[in-house]
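Chains P and D are the protein sequences, given in the same order. Residues 0 to 411 in numbering that gives the first Met the number 0 are what the first sequence spells out, letter by letter. Residues 0 to 411 in numbering that gives the first Met the number 0 are what the second sequence spells out, letter by letter.
Hints may be right or wrong, so weigh each one.
[As the list claims (entries may be wrong)] Listed next, the in silico DSS-like pairs over lysine-lysine satisfying Cα-Cα at most 30 Å (straight line):
1. D:Lys128 / P:Lys304
2. P:Lys209 / D:Lys337
3. P:Lys337 / D:Lys209
4. D:Lys381 / P:Lys128
5. P:Lys133 / D:Lys359
6. P:Lys277 / D:Lys337
7. P:Lys304 / D:Lys304
8. P:Lys246 / P:Lys269
9. P:Lys304 / D:Lys65
10. P:Lys337 / D:Lys269
11. D:Lys115 / P:Lys341
12. P:Lys368 / D:Lys128
13. D:Lys69 / P:Lys337
14. D:Lys337 / P:Lys269
15. D:Lys70 / P:Lys359
16. P:Lys128 / D:Lys374
17. D:Lys359 / P:Lys70
In short, the hints are calculated from the structure, not lab data.
Number of protein chains: 2
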Amino acid sequence: MNKSNKRSDQGSKYYTLAGLKISTCCSGTKYENRDDLSLIVLDPGSNICACFTASTMPSAPVIWSKENNKKAQNLKQKIVLLINAGNANAFTGEDGLLACEEKASSLSSIFKCERKNIFFASTGVIGEKLPHKKIIQHFSYLQKNLSSYNFTNASYSILTTDLKPKIYTSKFKILNKIFTLSGFAKGSGMIHPNMATMLAFLFTDFAIDKETLSVFTQKAVRQSFNRISVDGDMSTSDTVFVGTTNKIPLKITKDQKAKALKAFYAELKKAMIDLAKKIVLDGEGAKKFIEITVTNAKTATIAKKICFSIANSLLVKTAIAGEDANWGRIIMAIGKTKINLKIENIKIYIQNFLLCENGKAINAIDDTKLSLALKRKTVNIKVDLGEGVRDFTVWTSDLTEDYVRINADYRS
Amino acid sequence: MNKSNKRSDQGSKYYTLAGLKISTCCSGTKYENRDDLSLIVLDPGSNICACFTASTMPSAPVIWSKENNKKAQNLKQKIVLLINAGNANAFTGEDGLLACEEKASSLSSIFKCERKNIFFASTGVIGEKLPHKKIIQHFSYLQKNLSSYNFTNASYSILTTDLKPKIYTSKFKILNKIFTLSGFAKGSGMIHPNMATMLAFLFTDFAIDKETLSVFTQKAVRQSFNRISVDGDMSTSDTVFVGTTNKIPLKITKDQKAKALKAFYAELKKAMIDLAKKIVLDGEGAKKFIEITVTNAKTATIAKKICFSIANSLLVKTAIAGEDANWGRIIMAIGKTKINLKIENIKIYIQNFLLCENGKAINAIDDTKLSLALKRKTVNIKVDLGEGVRDFTVWTSDLTEDYVRINADYRS
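Okay, chain P solo, but in the shape it has when bound:
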């Protein structure tokens, strides 16, 4: 067992949370010389909620956690969350569910909590049986090494083809109290709205009931993780967990409460958008971060559909990789949605350069300036439909030869 290669939160800016402990190790199920198993334990009195993939082929841990997410957890007991990387435990049939059962039995007796207080997340190859007995062997080590200072280790341990960990940490003040929100995410390929292969974990000490936290989580996910796309593929495993230790309550009036909740939601959304963008920036082979905004659409649905048609177009993504302002491919991506639009109203901007209007190209473009602007790491594409007042924004990455190389080789 390799228990080495640990990193310390000390020196990093990770804000810890009273009532939340983490430990990590190398499970020996897939990777060598790196941690791939994380255990997160929240003190009694905590709440946790989650938001899951829309895939109809969910992994065993998604099925398990979804079931428990519907239940009220036993507040007198600890909440336990186990994450492994390298094997998604997806499409593994009864074996997959049995693996969850047996891991839960063991964790339940170690941490003296009901099974409904136990959650799982797995990421990795689909269809391979999870060697869960190997994983269970590490539980006593993980228990002994729980610490408040393991955020950094956990953020590394959940990675697969990601190049680097994606972390978020902040302190914010609401009604003169200081709260903490810290989290980490993974996600590289299979990134499409509805949270394709991505996992995210966010923890706070802001006291909030499970129901409200669930509503906030769903809403913030729609504003963040569901607006990103790396390759249009959606995984079987995606999950966003949000937990609170409830350590810092606000004793306040009803009016103040509404205000405080609104302020907390803003912080949660900010954290999720930050992690979502970091996932895109670390997309497989990605060299550019692309923000696509469709404005002045008749409906938000139209704006969203066109945004994703552009974001998922291989021809658009390769053009951006080639630093080519090939707006014709954006027109193509709009056209293939089959949405009827007034062509003469459409304006397309890349890096704020207006490239077409009145149904045709703009002639007076400073190609040198545009070419220089396209060399930037962040590329903005704006499509003004000129038909209404609704808009939508998505974030994606370019498509490079590295994406293909990474994904052709991933399993071997």
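Position chain D against the provided structure of chain P, taking the given hints into account.
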């Protein structure tokens, strides 16, 4: 003007058609040292019909030809079809339509035919103004050089990023008469059902009225070009033209006629499937030809949706490029359609190896044999849903680093 680099049909197996003449030249609008302009002229008495892209951003030639396709052509006059490569004349506003107008005026006076007998097809970059005056300058050369032996030259002249021409030619017997069907196609990127950047031209001498030919064309396109996908992108320019010189009529009874039409439809469909597969095989950077079949679905729509979800999944396409039987990614692609299925009924086969059933992996797989089978150029993926009796098949290619390289560099 470069009028050289001509190839002769003689020596090739291209069957010519009485009443159909072609000439090609280099227009000087985009390419050097290669022909990129083709003129096809059908004798009076011919019929032509076409099937167009579903894009809501159609090119000017698509708008023009669609309009004329609705009309009955003047049978006493010639039918003229002009094709250029390098500039799609798409999203060019009034300039684009004016270019069609002026080309048509010139062709109309040269060939003494009404404007409704004139059709256009263009392929290439979107959003650049078509230098149509340069094109018109070549009309008298094209007229003088019309020949029955220019199929090969035309098949080359329509290419953009294609690696090679895609041709089809056959002779077939119906009720003891010999007919000919010859054609060619282009298409490389933006290949998605509804005929993304592809053009196809098929010509026969089988006598058939325009209405029936139109019905047959629409139907055969659904069975062929609308079942292929290279990158999920749909172009603004796709068109399939089918023309007949009507030179060989069948004088037959009503019963015989139905039989003859059925036989002709089978030949037309065969030709389109052949060209469609050739487009996939020549897809940008493609190294593998992938046939995806979904069987035993409840409805054909479900089978089709799952087929295309698999065919357009970057992760599936890169896995096949990497010769990896990563069926987990097929499960992912099925799951992201959000269609509810009985997971335990699903069987996935790659190269006829059953890889999963009863909701999990098959253990007893001969990895060496499977690995060897994946090295073949043609890869078969079969998904048996075990829920009904409907099926669907699509053809696609793998996704390689070359695709990205080609599309990042295309315009520059």
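To see whether the hints hold, each was checked on the structure:
1. The hinted pair formed by D:Lys128 and P:Lys304 meets the criterion: a straight-line CA distance of about 29 Å does not exceed 30 Å.
2. For the hint linking P:Lys209 to D:Lys337, the alpha-carbon distance of about 28 Å falls within 30 Å, and the restraint holds.
3. For the suggested pair P:Lys337 and D:Lys209, the alpha carbons sit about 27 Å apart, so the restraint of at most 30 Å is met.
4. This hinted pair checks out: D:Lys381 and P:Lys128 have alpha carbons roughly 22 Å apart, not beyond 30 Å.
5. Of the pairs offered as hints, the one joining P:Lys133 and D:Lys359 holds, with about 20 Å between alpha carbons and a cut-off of 30 Å not exceeded.
6. In summary, the hint linking P:Lys277 to D:Lys337 is supported, as the alpha carbons are separated by about 27 Å, within the 30 Å threshold.
7. Annotation: proposed proximity of P:Lys304 to D:Lys304 holds, straight-line Cα distance about 17 Å (limit 30 Å).
8. Restraint check: the Cα-Cα separation between P:Lys246 and P:Lys269 comes to about 21 Å, which is no more than 30 Å; the hinted pair holds.
9. A hinted pair counts as satisfied when its Cα atoms are at most 30 Å apart, and P:Lys304 with D:Lys65 qualifies at roughly 27 Å.
10. Annotation: proposed proximity of P:Lys337 to D:Lys269 holds, straight-line Cα distance about 29 Å (limit 30 Å).
11. At most 30 Å may separate the alpha-carbon atoms for a hinted pair to count; D:Lys115 and P:Lys341 meet this at roughly 26 Å.
12. Pair hint P:Lys368 plus D:Lys128 holds up; C-alpha atoms about 22 Å apart against a cutoff of 30 Å.
13. Under the criterion of a C-alpha separation no larger than 30 Å, the hint pairing D:Lys69 with P:Lys337 is consistent with the structure, at around 21 Å.
14. The straight-line distance between the Cα atoms of D:Lys337 and P:Lys269 is roughly 29 Å, inside the 30 Å bound, and the hint therefore holds.
15. The suggested pairing of D:Lys70 with P:Lys359 holds, with an alpha-carbon distance near 28 Å, which does not exceed 30 Å.
16. For a cut-off of 30 Å, the pair hint linking P:Lys128 to D:Lys374 stands: about 26 Å separates their Cα positions.
17. At most 30 Å may separate the alpha-carbon atoms for a hinted pair to count; D:Lys359 and P:Lys70 meet this at roughly 28 Å.
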